[in-house]
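Student: Single-letter residue listing:
Protein chains: 2
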Amino acid sequence: MPGELSKAREALIKSLYTRHGRKKSGLCLCEGRRCCGEVLAACPDLIEFAVCREELAGEYPDAITVPDFKFSVLGVTETSQGILLVARKPEPLPEDSPMLDPFALVLDRVGDPGNFGTILRTAKAAGLRELWYTDGSADPFGDKTIRAAMSAQFTMNLRRFADLAALKNFLLKNGVERFFRTDPHEGESCFAARGLYERSAVIIGSEAHGVSELGGAVPVTIPMPGNFESLNAAQAATIFIFEYVRRTLTP
Amino acid sequence: MPGELSKAREALIKSLYTRHGRKKSGLCLCEGRRCCGEVLAACPDLIEFAVCREELAGEYPDAITVPDFKFSVLGVTETSQGILLVARKPEPLPEDSPMLDPFALVLDRVGDPGNFGTILRTAKAAGLRELWYTDGSADPFGDKTIRAAMSAQFTMNLRRFADLAALKNFLLKNGVERFFRTDPHEGESCFAARGLYERSAVIIGSEAHGVSELGGAVPVTIPMPGNFESLNAAQAATIFIFEYVRRTLTP
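If you read the sequences in order, they're chains Y and A. Just so we're aligned: 127 in the working numbering is position 121 of the first sequence, and the numbers increase by one with no gaps anywhere. Just so we're aligned: 103 in the working numbering is position 97 of the second sequence, and the numbers increase by one with no gaps anywhere.
Treat each hint with caution, since some may be false.
Which copy? The list can't say, so a pair holds if one copy fits it or any two copies do.
EDC-like mimics (lysine to aspartate or glutamate), calculated; alpha carbons at most 20 Å apart, straight line [unchecked claim]:
| no. | residue 1 | residue 2 |
| --- | --- | --- |
| 1 | K76 | E16 |
| 2 | K150 | E235 |
| 3 | K20 | E101 |
| 4 | K20 | D51 |
| 5 | K150 | E213 |
| 6 | K95 | D145 |
| 7 | K150 | D118 |
| 8 | K30 | E204 |
| 9 | K95 | D169 |
| 10 | K20 | D74 |
| 11 | K150 | E61 |
The hints are simulated quantities; they were obtained by calculation from the structure and are not laboratory data.
Kindly generate the complete structure, drawing on both the sequences and the hints.
Tutor: Written out as structure tokens, the structure is:
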């Protein structure tokens, strides 16, 4: 029997909307049917407890049920759709474990949780198994990041580094030879560059700052015939990720 | 001399955050340096008036300046960055004017303003000149849509239809022969389908409902080796838009 929602658990849920609260508890918050459904299916052992609105009790028999008015003050988003989960973060693979993908998709200080999460979701859809990122990026287990990623962070391996220099150092030891920094204006076209996805790293920068300085990194660009602004970071990443899929599938 | 911000103009700005307010006045609201900069550069004649924080008065000499505390209650977003514009919507081309692009990029009830705007921005970057959409989509001139689009709606031609049947009817008369509906699961790969961008329409559906029923529409899909969820609508549109760019540039 799931029982009632204690004051302590209610306070815990609220704390998980803050980075500090997630750090302190080591837990995170998933909201909505699709996000929660993914965690329930892929890693139910990580779930500490679930809370749902009374009318969904039949659908989520292990969840604590609360009246509607109570639920609506728990979730901050309109999209919570009557179900939320409090879960432990999955353990990343040991630091020295070998790379899982043919290339490393790297996010350098992509601070917007929506962008970070959307890129995770897109990378997982493309069949990538890892995402590499530097400090200054959004919290991969923030509530907004989880919503945008449709909980992809629970089943992908995340590798965090202080900066690009540390990340490059690690990748060099793993046989990665080419470092590509995506640039809105400069470099060879992503549709033509050779070796883009072979023992390489493809680095996406933040919208505000682009990719950090990194010695030896080769610029690569998305051709923009419309010559309008730069693309949103998540759109740029999506083009690079699915150019990889296209190359993989095209004989 | 720009003068002071009248009560009437202050009320007008607030009303422009609502669909009703935009409809009543025929005006819309741009916020932030990049969004406003685009309108200032591309269509200054559409601007009714501009408002900025006192410290930006040197940068925007024609703007009405207001103290910081006042500005922060005008803009609803943290991203307004001290400058906002009230502008008329550009006149769309006459209804019977011919298509401007080799294919029609169609949004069918894409209701999320962030997605709608991001797709506009991406389409403009790719060199497209038009976007076609059906009722039930986000307001192209909503404040969120404008922010996500970086004001691309001011320089692209927008064509609105009640539904896909009406849109198809119109396109048939304009020599469009092929109608592709994007589908997360079914159809030929977008990387292989022939004639995808030649006298055709590529229809993107909403995340919640997909593409509406349309007789004779051929499904086309983005291959997803990761077999995870569907992609976000803006990511799917981005892949289709830049596959067009790739084909155009690849001999």
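Student: Now, for every hint given, state plainly whether the structure supports it.
Tutor: Going through the hints against the structure:
1. Taking identical chains as interchangeable, the C-alpha atoms of K76 and E16 lie at most 20 Å apart only when both belong to the same chain, with a minimum of 10 Å there against 37 Å between chains.
2. Taking CA atoms no more than 20 Å apart as the test, K150 paired with E235 passes between copies only; the shortest distance there is 17 Å, against 26 Å inside one copy.
3. In the homo-oligomer, the alpha carbons of K20 and E101 never lie at most 20 Å apart, since the shortest distance is 32 Å inside one protomer and 51 Å across protomers.
4. For a Cα distance limit of 20 Å, the shortest separation of K20 from D51 qualifies neither inside one copy, at 22 Å, nor across copies, at 48 Å.
5. Taking identical chains as interchangeable, the C-alpha atoms of K150 and E213 lie at most 20 Å apart whether they share a chain (18 Å) or sit on different chains (18 Å).
6. For the homomeric pair K95 and D145, the shortest alpha-carbon distance inside one copy (12 Å) is at most 20 Å, but the shortest distance between copies (38 Å) is not.
7. Within a single copy, K150 and D118 get their C-alpha atoms as close as 9 Å, and across copies as close as 16 Å, so both meet the 20 Å cut-off.
8. For the identical chains of this complex, K30 and E204 are neighbours neither inside a copy (39 Å) nor across copies (56 Å), given an alpha-carbon limit of 20 Å.
9. Neither within a single protomer nor between protomers do K95 and D169 lie at most 20 Å apart by alpha-carbon distance, with minima of 22 Å and 44 Å respectively.
10. For the identical chains of this complex, K20 and D74 are intra-copy neighbours only, at 17 Å inside a copy versus 31 Å across copies, given an alpha-carbon limit of 20 Å.
11. Within a single copy, K150 and E61 get their C-alpha atoms no closer than 25 Å, and across copies no closer than 33 Å, so neither meets the 20 Å cut-off.
Of the numbered hints given earlier, the model fails hints 3, 4, 8, 9, 11; all others are met.
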